[in-house]
Every structure is written in structure tokens, then in C-alpha cells.
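Chain P is fixed; fit chain E onto it per the hints.
Now for the letters of each chain:
There are 2 protein chains.
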Amino acid sequence: MAKVLTDREENYSQWYNDLVIKADLAENSAVRGCMVIKPYGYSIWEKMQSVLDGMFKETGHVNAYFPLFIPKSFFSKEANHVEGFAKECAVVTHYRLRNSEKGGIEVDPNAKLEEELIVRPTSETIIWNTYKNWVKSYRDLPILVNQWANVVRWEMRTRLFLRTAEFLWQEGHTAHASKEEALIEAEKMINVYATFAKEYLAMPVMIGTKSENERFAGADETYCIEALMQDGKALQAGTSHFLAQNFAKAFDVKFLNKENKEEYVWATSWGVSTRLMGALVMAHSDNNGLVLPPKLAPFQVVIVPIYKNDEEFSKISERVKLMCEKLKEKNIRYKFDDRDSQRPGFKFAEWELKGVPVRIAIGPKDYENNTWEVARRDTLEKEIIADADLIEKIGFLMTDIQENIYNKAFQFRKEHTFKADTYEEFKNILENNPGFIEAHWDGTRETEEKIKEETKATIRLIPQNPVMEEGKCIYSGKPSKFRVIFAKSY
Amino acid sequence: MAKVLTDREENYSQWYNDLVIKADLAENSAVRGCMVIKPYGYSIWEKMQSVLDGMFKETGHVNAYFPLFIPKSFFSKEANHVEGFAKECAVVTHYRLRNSEKGGIEVDPNAKLEEELIVRPTSETIIWNTYKNWVKSYRDLPILVNQWANVVRWEMRTRLFLRTAEFLWQEGHTAHASKEEALIEAEKMINVYATFAKEYLAMPVMIGTKSENERFAGADETYCIEALMQDGKALQAGTSHFLAQNFAKAFDVKFLNKENKEEYVWATSWGVSTRLMGALVMAHSDNNGLVLPPKLAPFQVVIVPIYKNDEEFSKISERVKLMCEKLKEKNIRYKFDDRDSQRPGFKFAEWELKGVPVRIAIGPKDYENNTWEVARRDTLEKEIIADADLIEKIGFLMTDIQENIYNKAFQFRKEHTFKADTYEEFKNILENNPGFIEAHWDGTRETEEKIKEETKATIRLIPQNPVMEEGKCIYSGKPSKFRVIFAKSY
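Protein chains in written order, with this note's numbering: chain P, 1 to 490; chain E, 1 to 490.
So that you can see chain P by itself, here it is in the shape it has in the complex (with noise of 0.2 Å):
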């Protein structure tokens, strides 16, 4: 069969792209920098909507829906903010068209707003001015509120799931009465993302805190997970920030105390977006394709029939529709590719592209001998299973497969994680063999942006509890107290 993917190993950016569009999972769209999210990659995204949707509710949270516009004066009100976030926004300027003269239409000039519109980027100031309205005394708070949403960022370099202009995510906006609980809040919500990552993602994740250079614009405090891609660069899955009462100063947001005494309210936000798409994607897939966890793939389990002519078709289809049952009542997602249009080895290959973590195959030796041919994604073994056998190696396989492609991508990360007590040692890492590196660091921005100036790494994180030791700065030299982790990054 012809080669469907750019190799990983030669071309590592653009096997990534190959496989997005390949397996089906996205593609560019006529408008600049926004994508068409395909059913089969669409798929993959609803079931981490509802896992995390389950995890936040059972973490006490709503949810709720705020306008997509935000007035241009709202970005202007907390300083930080409009200092530190991004400019590259839509901006609606008209809300009229007309028919032109020219023949087709125009935007109507008499139809211009007072004040642009920005397509929100991120709702922190629309939803602050609207919870202005919504507490008045403690026992408002807290407000533990979640958005399922679509955001804009005009990318200038766009990359399906990774960065593009419109991206779907969630955006936690919680707010509470004391800096206390806003802590606690901001971290749990790291961890429900780390977890989330673990388990269903199968995708290992360090957890810690940004530098100030790489802190959300307006937060005192970024926590952050970042995973490995297989080409050693880093991705930030997820963030929540402590966003002390900068937000709740900006558009005064004041409640009565149980003492009767007026306080600004505390807040966080946290969120993850169809990045998580781009991370699953490459953390585990190889030259054959997508390599998904089971909890995650839209189908688990794909059959495939082998014959020859219609009479076997019949005979074998029979035994497949019995054993579909018997996948339906164990809640085993499956696809019974019975396309008479394919041959085997196309469906073969078609599937491993697209990721299902387990194909059966069932030919007439098979329909005669009561056996299936079971074969694994992820590591590709097969292997002949008796009949009454198969449903219980498929339960075991979607359990062993998560843990195993875990497992590999833990390996992976411990093999690509490193120390570097030098800026020599630094830079032959992020030359040779990429990955995360621990080094000391003297708590500066300026070297911080040296070192990326120079090396294009960036501090990934802090570690939340970091292993003391007395050591001096890769860069300035400066006595530090403990090592951060670096890498180049997406």
C-alpha cells in the first residue's frame, strides 16, 4: 500500500499535519486560520467535553453562556490585562450589509457601531462586568461557573488543533470571598486537568506554576500542566489561574463580608481547548497513524470480514451481528466495516490510521476453526482467540491498552527529561536530543528572556514542591535554591 503519512522521524511537522487530515480528524477551512473539525475528530472532542463536563459538575461547578462580543472598553479596564494579552482580535465594526451596485453585496456604511465589538478572545471582562450584578453579600459566593465556548485569536502562524484564529474550549470563571478559597479552587482545577490528562488523554503531565514572563495576562499565579511530544517539545494542556482581585478592582466587584464589611471578590479562571486534539494526537501516534486510548476513541473496537464471495459474506456477517451484541451489552463502541467496495488490507490500513485501538478480523479459516484474529494498535501484535474467548481479551485489551500507551509516553518522558548544570550541557540537549530539562535558574526575567532569545527555550514550569539544592544559574550564575523545567515548546 502506498505510504499515506510523511514519516515522523524525517519530517516531524509535517507527519503531524499528514495525520490530521489523513485520519480525518480536521482541516482547513476557506477562512484564514479557522478549521473544519470533521465528525471523526469532532467525535474524539465530544467525549472529552462530557468526561470533563462529569468533572467539573462533580467539582460543584455550573454551567453557563456569556455573549461571544465583548465591548472594546471592557480590554482596556484591567491593566495588566490589555497590557499583556494579545492584540490580534476580531473586530466587528458593521452590522449591516447591502446590495452593491456592483452586484453582490457590501457592508452598509450607515451601519456602523458606536463601539467595535471584539469577538472574545477570552471572557474574563464580560463575565466580571456581569457578576458585578450577581453578588452583593458572601452568601452570593462562591459562584463556581464553567462556559462551553468558541474563542478568537488571530493567529498570525495557525496550525490545526494547536493554534488556530477559532478554537473551541471550556473557561472556568469562579469567584470567591476569601484569597484562601480562590487558591485552593485554582489548584484543584490544575488538578482535575492533570487527572483528566492521566487517564483519559493516557498522557503524562508535569504540574507547576509559570514564571511571571509566561503568566496569563492579569493573573498573580499561573498553574499550568505540560506534557512531552515525541519530538521533545513541550505543550501546555491546560491552565488556571489565581486571579487575585484584579479582575473584581477592574469592574468593581464588591461584597458585604460576614463582619458587614465591603471586600473585593477573588477569583480564578482555568481552561483547556481543542489543543488537547493536538496533544493527543502527538503523544502517542506512529508512521502508521493515530494510536488512541480506548477511553477516547470513537470506535474501540473495528470488525472486518474476509471473503471471498457473497455466501461466505453471509455466513461470516452472521457471526459478526452475534458478536456485536455481545460488544453492545458491554458498551464496547464498535464498527462493523462491512464496505463490500474495500478490500481487507485497505480497511486494515485505514483503520490503523485513524487509531482504533482494537480490529478483529474474521475469514472463513476463522468462521470454520471458531476463532477471530485480534489485532492491537498499539503495539500491532496479533493474535488467534476462540470464540468464547473474545469478549473477555477485548474488556482486557481496553484496559491494557490505556495503561500501556500510558506507559509508553511516561517512558518516553523519563527518557527525554534532563539536567543540565551548564549552558553548554543546556544547549547540546535542545540541540541533540530535546526534551525537558531541569536547571537552575536565578529567578530573573531578564535571563529568562535571554535564554530564549538565544536558545528558543522557554521555562515550561515550576515545580509546585521543587527538590531543594543549593545550585547556581545555567545562564547568570547566580546562587538558586532549586531547578525549574525548560524546554522548547508549541
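If you are wondering where the hints come from, they were derived from the structure by calculation, not from laboratory data. Check each hint, because a few of them may be wrong.
Intra- or inter-copy, both count: the list cannot distinguish identical chains.
[Said to hold, decoys possible] In silico DSS-like pairs for lysine-lysine, Cα to Cα no more than 27 Å straight-line:
#	residue 1	residue 2
1	365	261
2	3	419
3	57	326
4	22	136
5	22	57
6	321	472
7	258	335
8	87	77
9	456	295
10	47	328
11	481	330
12	330	47
13	22	132
14	295	47
15	179	47
16	254	22
17	414	472
18	328	102
Note that this is a predicted model, so its numbers are computed, not measured.
Here is chain E on its own, set in the frame of chain P:
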């Protein structure tokens, strides 16, 4: 207790607005015409989404996601679409902000888009431009795709849920190899909507097609469901369009049929929106507040403890908690309102306002007698129920209330569906006791427009299988073979 709502009989429109706001469903935002859907309202919408999504999937559909923005030129491609579709759209003209010398931020004039982007008012154009690349042969058909999304139509006069600039909806867009198949699809989906309205919203609907005047711009046929609100006005609750080959021709989407000949693809689109929230409110509520059908209520049961001191509260709470366990087992969505800050009377009124189907209260006497006071929201009836019978009673009420509010709405519609044989009768009904009016119509656009001009009533639908009878158009006196349904509408 002070009255929270304007009486329905006094000012229906104010009653509706009060209700939506006071019951915490939604509120107006800082952005003109855009609403905030509050957690309680959003929770109902989520339930609608979840049920509808399941129904779409059962009928073979999958979800996908297409861009928020549509290049302006796309709109002109389908002549009727651009002609008929309202041109009140949000237009993105710039992609960057910058710091202003006067302070604050301003639109960067150097970041003007070459071609303006329209925030989607509906997605036929961008989707058919995408399908062009998805369809080569009959084997690629049908495409049965749905999208959950936000859309924007710059309405001048807006009302929460009923008509807002931004709203949430789903839009199905399907592609077929034959006219017959597309017609079957369009009818299938309007029937899905009708089933949903009846079984979940507890709202009877009429099914039919639109007159040419009221048809979707770009459709050859629009199927619709229409419900009658308590003020005798009709509300279009869902539409399903047979788009023929119109969009396929506009975007050049052809396929090779089984005979290896090129043909244009056949299309449908169908949608329901957060407007259903408005329908739900208006179909069942009363002067005390919302009346929610149990299947969509965020809380199906609320439990209010009545006590004078901590000791009583703690004894009662224990019993409530036992009951909560049982409710949980039965998958009843319940809320134990143990707020100490509010008195029972306040809580009763609040949950009545919020439409919780069943309220159960327990005070010291109930505690002694091993009983509960059970109140149903639809009839406001109260009953004392023995502890041992409570779960069964609640199970019964879930079904009975759902049915009862449907029957009530059905009865209301029956009583407000009239026949008019003359224009005088017609106007009389509209003026004195409005509702659906079955009347003869000569089938012309002119007559329809005259009637609309003079009475504000429009043809809501043409029945699918009308009773055939000889008659005369109420307006022109010309012959007519069957009656159509007129009403004033939202």
C-alpha cells in the same frame, strides 16, 4: 409575600420578561441584544441538547464543527439565499487592536481584512463550500452532519430567548444522492422535532410546510412545527428545509452516481435554537412562575425542612438525607434546600417561581408522624404522604405532571383553534380571542401579504395532509380546496 411577577393577564409581555429574569434563566448583557444564559436556564438548555443530540445520533447523524466566520462573497453565491436572508449581520473588518495615544485601545487601521468576514447567521454557505471537497462519488453520500453552535443575527428589537442577536442552536446539514432521500430526511427531522416538543417540552405542535413567503431563503420547501403560546400567538419552534440542489449548484458540489454520471448533490438543513427556552416558558408558566416538565427540570424535587431550632433541624435533616439516598437511587434530580438564611415561605415561593415539579416539606409534626407534605407545581395541590409511599408517589408524579402539563397545553390549543369562513370572523377572532385560525386562502403571495399588512396575522403553516373541502379564500373570495393555519406569531 410581595408579588414578584407582573400578572400574565395584565401584561403578558412584561410577565414573560419578569419570569425569565426572576427565575434566573437569562438576563440582558452589556452587549446590545446579546443575553447571558444563567446557570439555571443553561441547565435546562443542556438537557434539551442532550436529548436532541441523542435523537440525532439515533437517526444516524454525527456532529462536526465549521468556522464562526464566513467570507462575505460566499453569501452572494446562492441568489435566493442572499436575496431573502436578512442582511443584519455582525461584520468583522479588522483583526488587530493597538494601544491608543489617548489611553485605552483602538482598532488598528493597518489591520484591515481584504475581505470582510460575516459572523455566521446560519452556515449553509461555509458548509457547502466544505462539502465540495468531501464529495466525489455516490459512495461519499449521504453526509449526515449536525453542528451545535452560536449564531448572530443583528435583530433590532430583541427579547430574551425569543429573539436575540446571538443565540445558541443546532444546525443539521445533510447531503444526499437523490431528491427522494433528501425529502425523506427533511420530513424525518421535522418529525424528530415534533416528538421532542411533545415528549420533553410537553408542548403540542402542528406540523406543516411554510408558504413561499415564509420559506427559508434558498429552500424549495420549509417544514415547520408551530406551537401556541398562552396569549394566543404562535411560535415557530423548529424548521427543516429541503434545499434541493440550490446550494450544491451555488458551490459546485457534484458527485458521480452509480451510472458514473455527474449530478448535483441534494441537500437539507434543519435547526432548533435557544428559542425553545422561550417556548417552554410561555407554554406552561403561570402567575407564580415557571412550570417545568419533569423531564427537563434541573431539579425534579426540592426538599424544604421546617424547624424552629438546631435540634429539630438536625433530626429532620437526618431523615431528609435518608430520603435523598433513595431519590438518588431512582435517578431523581433533587435539591435539599437547607439554607438557614431563608424561611420556608420564602423557599416555597422561590421554587415555585423556578418551576420545580414537586416540592416536599417536612416539619416536626411530619417527623413525628413519619409523613411528608408533597406539593405539585402544575396544580399547586398538596397532599400528606406516608414515608413508605413517598418514592412511589414521586415516581408517579414525574409521569403524571409531564402528561398533565402536556394535556393542559393541548386543551388550551384545542380551545384556541378556530375556523373562520369570512374575513370579518377572522379579524374578530384575532382581536378578541386569538389563537390558530383555520381558513381558506387562495394560494397567492399577494393575498397573504395583504392579510399580514391588515391584521399582522401570517400563514403559520400549510397542513401536510389537509382535509380537502371546497371553500373560498377569506380575503379574495377565490376558490380554495383546503384550509391553512393563520395566527399572529412571535
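Quick one: which hint numbers does this structure break? Sort them smallest to largest.
1, 2, 6, 9, 11, 15, 18
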